[in-house]
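Peer 1: Numbering (the working numbering), first residue to last: 4 to 389.
Since the hints were derived computationally from the structure, they do not count as laboratory data. Hints are supplied without guarantee of correctness; some may be wrong.
Stated by the list, open to error - Pairs of lysine to any residue residues, derived as SDA-like cross-links and limited to a Cα-Cα distance of at most 25 Å, are as follows:
{"id": "1", "residue 1": "K201", "residue 2": "P189"}
{"id": "2", "residue 1": "K36", "residue 2": "L154"}
{"id": "3", "residue 1": "K319", "residue 2": "P278"}
{"id": "4", "residue 1": "K203", "residue 2": "S218"}
To be verified - Simulated restraints, written as ranges between beta carbons of each label pair:
{"id": "5", "residue 1": "Y37", "residue 2": "E274", "range": "26 to 32 Å"}
{"id": "6", "residue 1": "T301", "residue 2": "Q238", "range": "41 to 47 Å"}
{"id": "7", "residue 1": "S296", "residue 2": "N166", "range": "50 to 56 Å"}
Beta carbons: idealized from backbone N, C-alpha and C, even for Gly.
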Amino acid sequence: GDDSSGRKVITFSCCRMPPSHQLNHTRLLEYLKYTLDQYVENDYTVVYFHYGLKSLNKPSLKWLQTAYKEFDRNCSYSVLPSLAFNIFLTISFSFPRYKKNLKALYVVHPTNFIKILWNIFKPLISHKFGKKIAYLNYLSDLGEHLKYDQLNIPQEVIRHDENLRRKQKGKLPPVVKIPPPRPPLPTQQFGVSLQYIKDKNKGELIPPVMKETVSYLKSKGLQVEGLFRRSASIQTIKDVQKLYNQGKSVNFDDYHDIHIPAVILKTFLRELPQPLLTFDCYDHILGITSVESCLRVTRCKQIIQGLPEHNYVVLKYLICFLHMVSQESISNRMTASSLACVFGLNLIWPLKGTASLSALVPVNLFTELLIDFYMNIFNSRTVPGE
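Input sequences plus hints: build the corresponding full structure.
Peer 2: Okay, structure coming up:
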C-alpha cells in the first residue's frame, strides 16, 4: 500500500514468524533484503506489528550478528544489539543504505519493554532517525497516517487490537458516529472520477491538476535529480489539494519545492476511484511476464487499445511526459525503470485488497514498457478532442 504521502509501505508481522527451529534464517534474510532493495532508493514507510513475537520465534543473537554483517559488510558498529526481539529494527535501520530514505517507522502494539529499551538506547541513535519512529497503541492510531485497511493485517493482530480496546478502562471506547460523506464540490479534483472532472470542466479531457503539474514540471523539473522519488510536507500537500478542490489557483513557485507538484501528480492518480489503467486490465497486465520478450510491446499496445477513450487520452498525456523525464535521465537519474517503480502502482491496483509483492514485477515491467516505447504503443489510436 501507500501512506498519506504516496510513499510505499512495507509491513512486518511478528505473529507470522514460525518457531526459530523451523525457520530457514538464511532464506528469511534473503527475502528481507529482496523486499527492502526494491524500495530503498525511493522514500518508503515501514509498519512493524510487534504482537506475536515470543521467545519461541525470536531470532537468536548469533543470527542477528550475521544479519548485520550481511546488510552492511563495512559496518563496524552495532547501535541496537540489545533489541534482539525487534528484528526489523535491528536489521533494516542501523545502516545508512536502508535508513536514508526511510521516512517513517510505525511500531504498532509496542510492549512497555520496547519503550523502556528505546529510552535507554535513544542517546546512541541519531536524532534525525529517532524522529522517524512512532509508537502506536491501536490500529486506529495507524489510520491517522495511512489507510491501514489496505494493508494485509493478520487476523491475530486485529483480534489482539480488539482485546486491548476491551481492556481499556474495562469497556469499549464510545462509538463515534461518522457523518455521511459530503457530495463532492463542483470544482473537486481529488477522489472523484475522470468523468466527473470532465463534466465540471467544460468537457476538457485532461484534468486541470494534471495539466498544471505536468506543465510546471516540464518547465522547471526535468533535470532535477530524483524527481518523483522524494516526498514533501504532508500538510503542504493537503493544503494544495484543498486549493484545487475549492477551484482556487495554485502557484507552485510560492512553495519553493519542486517535489510538491510531483507528489501532487502522484496523489491525484492514487486517489482516483478507479485506477487510470482500470480494474479490467489488472489481470492482463499481470500476464505480461508470461509473454515472450519480443512480443511484450505488442501486447502492451493491445491492452492499452482496450481502455476507455478518456482513460486512454489521460494515460497518453501522462506517459508522454514521463517519456520526456526519462530522456533526461543523465541529469535526473530517473530512467524508465525508475519511473516505473514510482508510478506502477499509482496506475493500476486490484479491485479488492492491495497488490501482492509478486505483482510488482509485471506492473513495473508493463509501466516501463509504456514509457520506453511510448511512440510505438500510442501511435495508432486517435481520440476526438484529444
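Peer 1: Run every hint past the structure and note whether it holds.
Peer 2: Structure-based check of each hint:
{"no.": "1", "hint": "K201 <-> P189", "in the structure": "11 Å, holds"}
{"no.": "2", "hint": "K36 <-> L154", "in the structure": "20 Å, holds"}
{"no.": "3", "hint": "K319 <-> P278", "in the structure": "14 Å, holds"}
{"no.": "4", "hint": "K203 <-> S218", "in the structure": "21 Å, holds"}
{"no.": "5", "hint": "Y37 <-> E274: 26 to 32 Å", "in the structure": "29 Å, holds"}
{"no.": "6", "hint": "T301 <-> Q238: 41 to 47 Å", "in the structure": "46 Å, holds"}
{"no.": "7", "hint": "S296 <-> N166: 50 to 56 Å", "in the structure": "52 Å, holds"}
Violated hints for the displayed structure: none, as all numbered hints are satisfied.
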